[in-house]
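These protein sequence lines are chains G and F, in that order.
Take any residue in the first sequence, note its place counting from 1, add 220, and you have its number in my numbering.
Take any residue in the second sequence, note its place counting from 1, add 2, and you have its number in my numbering.
It is possible that part of the hints are untrue.
Taking lysine to aspartate or glutamate pairs in the EDC-like style, the calculated list, with each CA pair at most 20 Å apart, reads [said to hold, decoys possible]: (1) 366(G) with 238(F); (2) 280(G) with 238(F); (3) 366(G) with 343(F).
So, partial list: chain F residues that the calculated Cβ filter (under 8 Å) puts toward chain G [unchecked claim]: (4) 95; (5) 97; (6) 99; (7) 104; (8) 203; (9) 207; (10) 239; (11) 322; (12) 328; (13) 331; (14) 334; (15) 338; (16) 370.
What the hints contain is simulated information worked out from the structure, not anything from laboratory work.
Every residue gets a Cβ at the ideal spot worked out from N, C-alpha and C, and that includes glycine.
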Amino acid sequence: MIIEGKTNKWEIVCGLEIHCQIISKSKIFSTASTKFGADANQNVSFVDAGMPGMLPTLNKYCVHQAVKTGLGLRAVINKYSEFSRKNYFYADMPTGYQITQFQYPIVGEGIVTIDLDDGTTKDIRIERMHIEQDAGKSIHDIDPHKTFIDLNRAGVGLMEIVTKPDFRSPEEAGAFLRKLRSILRYLETCDGNMDEGSMRCDVNVSVRPLGSDEFRTRCEMKNVNSVKFVMQAIENEARRHVEVYENGGKVEQETRQFDAVSGQTKAMRKKEFAHDYRYFPEPDLPPLILTDEYIKQVADELPELPDAKKARFVNELGLTKYDAAVICENKEVAYFFEKAAVGHDAKKVANWLMGDFFAMLKCKNLTIDESPVSAENLGKLVDLIEKNVISGKIAKDVFEIMSETGEEPEKIVEEKGWKQVTDSSAIEAIVDKVIANNADKVAAYKGGKTGLMGWFVGQVIKESQGKANPKMVNDLVVKKLS
Amino acid sequence: MVKLTQMTVHETLDGLKNKQFSAVELTNEYIKEIDNKKELNAYVLETPEIALNQAKKADSRYAVDAARALEGIPMGIKDLFCTKGIRSTACSHILDGFVPEYESTVTEKLFAAGAVCLGKLNMDEFAMGGSNETSYYGPVVNPWQQDKHLVAGGSSGGSAAAVAANICAAATGTDTGGSIRQPSAFCGVTGIKPTYGRCSRYGIMAFASSLDQAGPIAKDVKDCALLLNVMSGYDEKDSTSVNLAVPDFTKVLGQSVKGLRVGIPAEYRPEGLNEEISAYWDKGIEMLKNAGAEIVNISLPHTKYALATYYIIAPAEASSNLARYDGLRYGLRIPGEHLDDMYINTRTEGFGREVKRRIMIGTYVLSAGYYDAYYLKAQKVRRLIRDDFMKAFEKCDVILTPTSPTAAFPIGDKSMQENPINMWLNDVFTVSVNLAGLPALSLPIGLSSEGLPLGLQLIGKAFDEETVFKAASVIETEAKFERLK
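The shape of chain F in the complex, shown without the other chains:
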């Protein structure tokens, strides 16, 4: 028999509805499984008591047929989300012991739909990183070929690894430059970064406000759709959230893609692109073509500037967003003789290397005399990148690309440690989407010759997650990717 923890969210919901098992039994299974897989380091805080309490309530709702959309579904929450009464640190030393008095809008919606909180998931410190190695709590180990000690990707490494390793039914993630999609690809799970403004950012610790977006990481496309149904929606507490009706994303799954125009951007196949990845991309194209889609060659000419643009805008916003971590009101405080000394001591001790690097870059690019050359220019290029997509979407309805230029790499990889640019290059296929504010989903397409998962990315028009889901569902059916047991 299939273990309860191996089931998808939609299978689990069926089981709960049909009283095949109770939410408490299910939650206990997950708690046991979390215990068995501690060496993955996916959780930075476990909340079994809270989970069991919520599960009990879920069972009483099932008993009276009053179950809500995610009743009894055990989830892991990325540590970037503020959860009321539950320690939330963004995996940074500087937020030691911080317990919010408020709930992020996205987690509030999930818990109000009956989701159960198993705990807080590991991540790169303040979501800055692509390998989960910048976490104050240490890196997450990729559950694929665990003995090889590969990274789970980042920044939502804990979320992707936990879903892949069946230690939560689904997880929340956030994506500023690929932080949902890249770890999803590395761990062989599915994740979607919705359109900027689709989900509220209220209560999510800000990294780069104009790029950050929450989204689900789950075992399959349908689970992502189910979760996004709940997570989405206008929030008056976030002025950048958009007041648009949220469709039922599950409705389009399995629908025909006949006549759907799928764009293939030339710029995403640079010379020297990993052959296996290139081949899987072709396979994905073939799958959609066979299903009746029309393949269109498109160009996104400013793609080559995307990484540079991203690594100016994101640090600029981060340098300002992280100014509030000053040791005064919450988290870590290292005293000093004067106020400035306390700031310096606290922030020196409290922030890790990557966070400091980005604060320094961000401070530099916003400085008088450099603003025009860096930040302002980056904003202009950002506009060009967005315009590229707008033009491309005149010719196509959805864009298919690889998610990441590589599969998961070893923890502590020298070339990346020695030159952070090599780490940043991982984001080459994902950052443009954030700069343009578009929705994009990563789903597993197959395994590399070394047996590691590889992902494809589907990019949609703004607020057209439905087309992304529809195309993803076709590829998922064809790819028949086997998840970890």
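Pulled out of the complex, with its shape left as it was, chain G reads as follows:
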């Protein structure tokens, strides 16, 4: 995206930092549950509450999840990493410090390929990913004079993914977040729900004159909580920078807050008031050492990721790139599709999936897991059309019943007597009847109005209550009228 200023053309330079809650049963440094939605302060251990003498112990499963994620980001896994303390006082941070990784993160540089609307792709470079603990929640709106603290979230594992400043438009950032979410969901390492806060995004934005390769002062917007808002924040913040520069001003390095209602950003704190976090290595935890065998073992467990799946759907199943991309973005959809397509015409299954099937889910407001039409049955329905048991038109009626009752398509066709008529003598009888009853049209046809061909075919199919095989009808009508 290029911003046309009054005097100059400007380019956006943007990088993202994404906090992703790790899917794990217990917290990253304690044995308390991570279950969402528990009553306030129910999932809190002595460690999470920062009680005297308590020590953190590293949850190995969180490490496993982080390594898995790193591999999914095609990133370097660091065999040596270290935990550090980030010191600051806040009421929802009971120990007065956050255990995080600073100088030696568990995951190094990686790459995420994003798909753009024009069908091209772009590689976004990952700078690093580290693991750390989440803070609790301060609740300010229960009482006008008091703040309430809920420590259920305190100590839940987070992965912080930092990109290089590779985004040149809000659309690229949006595509990245969707791709990242898709990868994390495939990996089952983070549920990626931005509205529930299990994926939170900090946005760094600056601008520069088009063609320049400088990096100008950036501003950071913390905790922007939807893809749409991230895109808005980038665009509006970039436009603000352009305006400042074009009016001869200077952009100040600061943390800004994105206001979802106005779509604008406003200053939160200037750099000179920035915290001094006094990072130092966490003395309660030894360095984290991973072996090649361990990393390989995790790599062996990786599922097929969206890009690979997409390529396979295109190359092996003959899907269009667009269809494959739509189907693969969501793991559940991709798995449903594969199940439905096995042994059937994959392209036709894809058409049905993206057409009537999605429309049905949307209309009924269901997720794919709740679909009354099973993957097997969708495949069978496509099969019935392929094998000329029913016509495409009848298939729509069958699908409608399937989405009400969840029944198998064969059974519906059988019960309704919708089996396509392929007996040529039966069809011939109807053709004869239509010709006999419409002498005027026959005459007109023979007189040169060949366009009536379609009308005859339609009449025959109508007469057969839609069950006559359209191709056979066509052939017979041609033969009889010639």
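Add chain F to chain G, keeping to what the hints say.
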């Protein structure tokens, strides 16, 4: 007849086994003795009811021959250990009334071995100090020449004084820069700081996590070995504890030291070292030599940087470890208009001067722009200090030094109050050991001309407490130090 309270742990265990007295009788004797010696200020909390209850259970175990390793042994617990259901404050105002819902691993092991809890022992606030004068509950009085009002040392001053004054059979201590060894030396008792990682730190309020280690303070070397047997061991709740088998430390006691190489570091005999201490050190060397040990001169060249290194690393970790005392969840809270005001009011009122001093130093050395010059450099020097020991241990098996450059000094000593550096200089022989993570034991070698106990320190290789115990047992036998009656 010897009073029950004057007996060592191993003598007491024999007496209990042979039914010469019951655990309840023994515990009552200690409770009486604690009452008689209140002016020492060694206990900050007495728990006679809990003790008697535990003693009763101990007796029922003796009755059916099911006694455990420390069955019925009345102990004092340093207030830095969290004890379930028993107030634990680290002798800080900021932990007023704090009663943990959990038990530290070390005390859990002791009580599971049958030890009896007499109460919580006085200490320097959060173990920061070398004289027990920083305690919110006031200083401990050294039981030696009590009328002179000398310090018991610190930070485990209550533990050392209580053992010396026979108001507990043994005590737990912790040692971050000498906090077990220096008070042991001042009070004429024996204490060992084991290798870092030997005992779990779980449930011990952290001062400097990379240096803190629990250990016993007791009447003799054998008692220390018996206690350390119980206190040691891997704990999955402390990731810095080490998963190594714990030997029976008592087995090596009395074994020959023939051929044992004893290192004598030149740097520990600086110009101006107290002559009496120097002479006792020579005496210790002589004792080991006579027992067949080989004396080796060694060098620990980075010793001169140890104090400076220690007083950067320990406060740095402390400044972070003590951030949790914010008045929100437990202990003292002094309200304020806003959250920051409450933090400031609570911490201003709740922490004493020495703790504040160290929080400020620690905060400073970790600050942006100073980190490299202080903390990072200190970590590098720490490595050099550790390497010194590694090299020295190629030439020797154990190192002998004095424990402290002085004997106990008066409470309220002006030079120390006016210049905290003078107080910190007391740690000059002990801090290197913590920086290197090594085991070290202090035992009494004799009395100064003024009649005050002096101690020697034996430093071992990592996880080689056995050699330390073996050498200590030889010196103990030769020194024939007379404990207080």
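Hint check:
1. A C-alpha spacing of about 39 Å is found between residue 366(G) and residue 238(F), which places the hinted pair above 20 Å, so the restraint is violated.
2. A C-alpha spacing of about 13 Å is found between residue 280(G) and residue 238(F), which places the hinted pair at or below 20 Å, so the restraint holds.
3. Note on residue 366(G) and residue 343(F): the hinted pairing holds, with a Cα-Cα distance of about 14 Å set against a maximum of 20 Å.
4. Against a cut-off of 8 Å between C-beta atoms, the interface hint on residue 95(F) is violated, since the closest Cβ of chain G lies about 14 Å away.
5. Checking residue 97(F) against chain G: minimum C-beta separation of about 7 Å stays under 8 Å; hint holds.
6. Interface hint status for residue 99(F): violated, as the beta-carbon distance to the closest one in chain G is roughly 13 Å, over 8 Å.
7. With its C-beta approaching chain G no nearer than about 6 Å, residue 104(F) sits inside the 8 Å limit, and its interface hint holds.
8. This hint holds: residue 203(F) has a C-beta 6 Å from the nearest C-beta of chain G, less than the 8 Å allowed.
9. Hint status for residue 207(F): holds, given a least beta-carbon distance of 4 Å to chain G, under 8 Å.
10. With a least beta-carbon distance of about 6 Å to chain G, the hint placing residue 239(F) at the interface is held under the 8 Å criterion.
11. A hinted interface residue such as residue 322(F) counts as satisfied when its beta carbon comes closer than 8 Å to some beta carbon of chain G; here the least separation is about 5 Å, so the hint holds.
12. This hint holds: residue 328(F) has a C-beta 6 Å from the nearest C-beta of chain G, less than the 8 Å allowed.
13. Evaluation of the residue 331(F) hint against chain G yields a held restraint, the C-beta minimum of about 6 Å falling below 8 Å.
14. With a cut of 8 Å, the hint placing residue 334(F) at the interface with chain G is violated, because the nearest CB-to-CB distance is about 13 Å.
15. With a cut of 8 Å, the hint placing residue 338(F) at the interface with chain G is violated, because the nearest CB-to-CB distance is about 13 Å.
16. Look at residue 370(F): its Cβ gets to within about 5 Å of chain G, closer than 8 Å, so that hint holds up.
Taken one by one, the earlier hints fail for this structure at numbers 1, 4, 6, 14, 15, listed in ascending order.
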